[in-house]
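Colleague: With these hints in hand, go ahead and build the complete structure from the sequences.
Residue numbers (the numbering used here): 1 to 478.
Note that these hints are calculated values from the structure, not bench results.
Beta carbons: idealized from backbone N, C-alpha and C, even for Gly.
Don't take every hint at face value.
Claimed, not checked - Below, simulated DSSO-like cross-link-like pairs (lysine-lysine); rule was C-alpha separation at most 27 Å, straight line:
id, residue 1, residue 2
1, 388, 463
2, 120, 32
3, 166, 213
4, 463, 333
5, 166, 120
Claimed, not checked - Pair ranges (Cβ atoms, derived):
id, residue 1, residue 2, range
6, 326, 55, 35 to 45 Å
7, 55, 360, 31 to 41 Å
8, 295, 237, 23 to 33 Å
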Amino acid sequence: MSVRVRFAPSPTGHLHVGGARTALFNWLLARKAGGTLILRIEDTDRERSADAMTRDIIEAVEWMGLDWNEGPIRQSERLDRHRAVADALLESRHAYRCFCSPEELAQRRRAGSGTPDEWKYDRRCLSLSEDAIAARTAAGRPAAVRFHVPEGSVGFTDAVFGPIRKSGEELEDFVLVRSTGQPTYLLSVVADDLDMAVSHVVRGADHIANTPKQLLLYRALGRTPPVFAHVPLILGSDRTRLSKRHGAAAVLAYRDAGILPEALVNFLALLGWSDGTDREIFDRASLVDAFSLDGISRSNAVFDADKLSWFNGRYIHSLPPADLAVRVAPAMKSAGVWEDRFEGPDRDWLEQVLALIRPRFRSLDALAAEVETYAGERVEYEPAAIEKFFNDPRLADYLPALAERLNDLERFDLESTESALRTLAGELGVRAGLLINASRVALTGQSVAPGIFDVMVMLGRAKTVGRLRVSKVLLSSS
RNA sequence: GGCCCCAUCGUCUAGUCGGUCUAGGACGUAGCCCUCUCAAGGCUAAAACACGGGUUCGAGUCCCGUUGGGGCUACCA
Numbered sequence: 001m002s003v004r005v006r007f008a009p010s011p012t013g014h015l016h017v018g019g020a021r022t023a024l025f026n027w028l029l030a031r032k033a034g035g036t037l038i039l040r041i042e043d044t045d046r047e048r049s050a051d052a053m054t055r056d057i058i059e060a061v062e063w064m065g066l067d068w069n070e071g072p073i074r075q076s077e078r079l080d081r082h083r084a085v086a087d088a089l090l091e092s093r094h095a096y097r098c099f100c101s102p103e104e105l106a107q108r109r110r111a112g113s114g115t116p117d118e119w120k121y122d123r124r125c126l127s128l129s130e131d132a133i134a135a136r137t138a139a140g141r142p143a144a145v146r147f148h149v150p151e152g153s154v155g156f157t158d159a160v161f162g163p164i165r166k167s168g169e170e171l172e173d174f175v176l177v178r179s180t181g182q183p184t185y186l187l188s189v190v191a192d193d194l195d196m197a198v199s200h201v202v203r204g205a206d207h208i209a210n211t212p213k214q215l216l217l218y219r220a221l222g223r224t225p226p227v228f229a230h231v232p233l234i235l236g237s238d239r240t241r242l243s244k245r246h247g248a249a250a251v252l253a254y255r256d257a258g259i260l261p262e263a264l265v266n267f268l269a270l271l272g273w274s275d276g277t278d279r280e281i282f283d284r285a286s287l288v289d290a291f292s293l294d295g296i297s298r299s300n301a302v303f304d305a306d307k308l309s310w311f312n313g314r315y316i317h318s319l320p321p322a323d324l325a326v327r328v329a330p331a332m333k334s335a336g337v338w339e340d341r342f343e344g345p346d347r348d349w350l351e352q353v354l355a356l357i358r359p360r361f362r363s364l365d366a367l368a369a370e371v372e373t374y375a376g377e378r379v380e381y382e383p384a385a386i387e388k389f390f391n392d393p394r395l396a397d398y399l400p401a402l403a404e405r406l407n408d409l410e411r412f413d414l415e416s417t418e419s420a421l422r423t424l425a426g427e428l429g430v431r432a433g434l435l436i437n438a439s440r441v442a443l444t445g446q447s448v449a450p451g452i453f454d455v456m457v458m459l460g461r462a463k464t465v466g467r468l469r470v471s472k473v474l475l476s477s478s
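Modeller: Given below as structure tokens:
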């Protein structure tokens, strides 16, 4: 049996990390088995669905690099097919028309004993005679289609949770088609999964309780259900279900915050799945290779932004510089630090700067912004840096002296700059650290930077000497 | 409330048919090393089997209960 899976988000909101992980697991399963991934948009509730959200979801899935083989299919385009299934169920007496309006139901719910959510549909319309139905239909009364839940229990073996059973008494006669003629989710998923020959349904664990209802539909239709694999939910740090309240839960928000898709993918894969080893870093290919449904955990997982950040750092630190330059370009552009020369003659220089400064960064944004320190014409001095390393008045003489030494250098490289500085420090009788740290502030405006000689070489002689000379002003005025 | 599901460090997790598990790894935290700063990197440390009963020679591993958490309970998906 060939593996056919689907990722079926509903466009009622942004694609959040929970949905993203479900998409990833489906993709992984499809790729691992050489199967097919179908992208299906579950927009049967027109009221709550938005086209903008559909675009958002597709953009997010593409950004994560999860390619699909069929779709995107909009469920709303298959309404006729769904209604046909409902008609078949009506015909076979597995479903019946219900003329109770939502308002009436709400009223009866409130009037019933116990709390409203204990109330089950009272099957008032189940016993309607043919004549009564015909009369109401002729009178133009809208009717919903309800499934007639049979006696007995339904059970299935979930690929991650194992056997799950539910007694039919717990289920009420659920609606398949709204009185507006719109099919509901329960009908649509089953009809679509059947038509699309879906072999494995991998979805969030919040669907576990609905699965018995769907199983009943498969049974009534005389069809074999797919394998179900429910994935535990992702929780916020307060252990409640992840939502907008927990800050950035949307996939594209992470992209916009400078997260690399491979980091998100790697992180998400390990959130609720393990291959049983200690391995943490997985590229796409090894993830496909190692993935298996039975490595999925049964308990919910808390989303740990710190760990995502760590993964992102790992990828930023290990990407080939040429690739990193490509990946960071959008962030540089939106930060306003991009210059055309980075596309041409200074490409190598940019790559070298990135390679030099990246160990200190875990996000593309911060990394992009820091390029300005090296590429820009002006230095922004941090007050804290000045306070920390510009606190020796003698520096007002030392730094200009260092500038001249460096300016006179025959060659301007790592070795020559370092020996020039250390020689000067020796002659002055001060620690090399004094000049080094002060130079760091003079050259970058910060108290934090890569090795100072690397910084000098990246800046080049002109900028290095210029910034050291300018710093005299700051020193004498402070 | 009812039904379903889950339960190992703060977090993500490993934990072969129950037998050196004195419970392993990672993030985070603390310390040390490196060192011109801060990172990165390396090393080390603190940190968990929710609780109570069973079953068994022996339970983190099996069973029951309690507690806690989550989900579902719509003419939402």
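Colleague: Hey, residue 166 versus residue 120, does the alpha-carbon distance stay inside 27 Å?
Modeller: holds, 16 Å
Colleague: For the pair supplied as a hint, residue 463 and residue 333, is the alpha-carbon distance within the 27 Å limit?
Modeller: Distance ~23 Å between residue 463 and residue 333 Cα, so the pair holds.
Colleague: Taken at face value, is the distance from the CA of residue 213 to the CA of residue 166 at most 27 Å?
Modeller: It holds: about 10 Å lies between the C-alpha atoms, which stays within 27 Å.
Colleague: Taking 35 to 45 Å as the hint, is the beta-carbon distance of residue 326 and residue 55 inside that range?
Modeller: Given a distance of about 25 Å, which is not inside 35 to 45 Å, the answer is violated.
Colleague: Range first: 23 to 33 Å. Now tell me if the beta carbons of residue 295 and residue 237 are that far apart.
Modeller: With a Cβ separation near 25 Å, residue 295 and residue 237 satisfy 23 to 33 Å, so the hint holds.
Colleague: Within a Cα-Cα threshold of 27 Å, do residue 120 and residue 32 meet the stated pairing?
Modeller: violated, 43 Å
Colleague: Using the C-beta atoms of residue 55 and residue 360, is the stated range 31 to 41 Å upheld?
Modeller: holds, 36 Å
Colleague: Next pair to validate is residue 388 with residue 463; report whether the Cα-Cα distance is within 27 Å.
Modeller: This hinted pair holds, its Cα atoms lying about 23 Å apart.
Going through the hint list in order, the structure does not satisfy hints 2 and 6.
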